[in-house]
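Trainee: Sequence:
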Amino acid sequence: SPAGRGAAQGADAAAIARHGCGGSRMAQDGRMAFSSKPFSFSFSSECDGRQAPQVAEGLDYLHARQIVHRDLNTRNVLLASDLSAKIADFGCARVLPPGGRLRTTTVLGSPAYMSPEQMRGDELTTAIDTWALGLLLWEMMMETKPWEGQYNDYQSLSAAVMRGERVPIPAARPPFPPRFLGVIHAAQQMAPQDRPSASAMRLAIAAAVR
1 SPAGRGAAQG
11 ADAAAIARHG
21 CGGSRMAQDG
31 RMAFSSKPFS
41 FSFSSECDGR
51 QAPQVAEGLD
61 YLHARQIVHR
71 DLNTRNVLLA
81 SDLSAKIADF
91 GCARVLPPGG
101 RLRTTTVLGS
111 PAYMSPEQMR
121 GDELTTAIDT
131 WALGLLLWEM
141 MMETKPWEGQ
151 YNDYQSLSAA
161 VMRGERVPIP
171 AARPPFPPRF
181 LGVIHAAQQM
191 APQDRPSASA
201 MRLAIAAAVR
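Everything in the sequence shown is counted per UniProt numbering, starting at 1 for the first residue and increasing by one.
One should not assume that every hint holds.
What follows is a set of in silico ranges between Cβ atoms, one per label pair, in the way DEER data are often shown [to be verified]:
| id | residue 1 | residue 2 | range |
| --- | --- | --- | --- |
| 1 | Thr144 | Pro97 | 30 to 38 angstroms |
| 2 | Gly121 | Arg173 | 27 to 35 angstroms |
| 3 | Arg65 | Pro175 | 16 to 24 angstroms |
| 4 | Gly182 | Thr106 | 32 to 40 angstroms |
Keep in mind the hints are simulated off the structure, nothing from the lab.
Glycine included, each C-beta is placed from N, C-alpha and C at the ideal position.
With these hints in hand, go ahead and build the complete structure from the sequences.
Mentor: This is the structure in structure tokens:
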């Protein structure tokens, strides 16, 4: 599975995912790991074109087991030696209680990838991860970190996100197919219930990059 190695804590359970990974992080020092060479996220490429579906598949695997990651971003996706993608770093992950809603008094996560409900301190569902997945896909496409250069502190960023501001999604971004842009847009819906599931995103991404 594209879920990597780590552990998720729950009220009465601990879930453990294990997978060896001998590569590097998808992002290093805020830059895509591939940026030392000309960036070419080509959907005809045997290596690069499969990473987006693999991240979505890993997230679907976790959500099917009622695990919410809470800190999905490019730094927490590892690239194996064959450049396949594995989700990692489960330090913020939790097993959801019955009902699928996590109550928390602590705001955790990487601010650039946090959903509005995370920033408000609301109950959390797996929809926070699909929000983050949309931003991860956006970063893969735009080759820059979400919100970079726009907001310099958490307060201004969180205020922007909670009032409905979104990262700009271009009308076209070759070689990315229009359907890929649609997946990102769908993941950035304000209401958690309006976002697609990880399973739906996995299928949509796979169809877009096929």
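Trainee: In this structure, is the beta-carbon distance linking Thr144 and Pro97 contained in 30 to 38 angstroms?
Mentor: Holds, since Thr144 and Pro97 (Cβ atoms, about 37 angstroms apart) stay within the stated range.
Trainee: Between Gly121 and Arg173, does the beta-carbon spacing fit 27 to 35 angstroms?
Mentor: holds (34 angstroms)
Trainee: Falls inside 32 to 40 angstroms, the C-beta gap from Gly182 to Thr106?
Mentor: holds (34 angstroms)
Trainee: Indicate whether the distance between the beta carbons of Arg65 and Pro175 respects the range 16 to 24 angstroms.
Mentor: violated (34 angstroms)
Violated hint: 3 only; the structure is consistent with all others.
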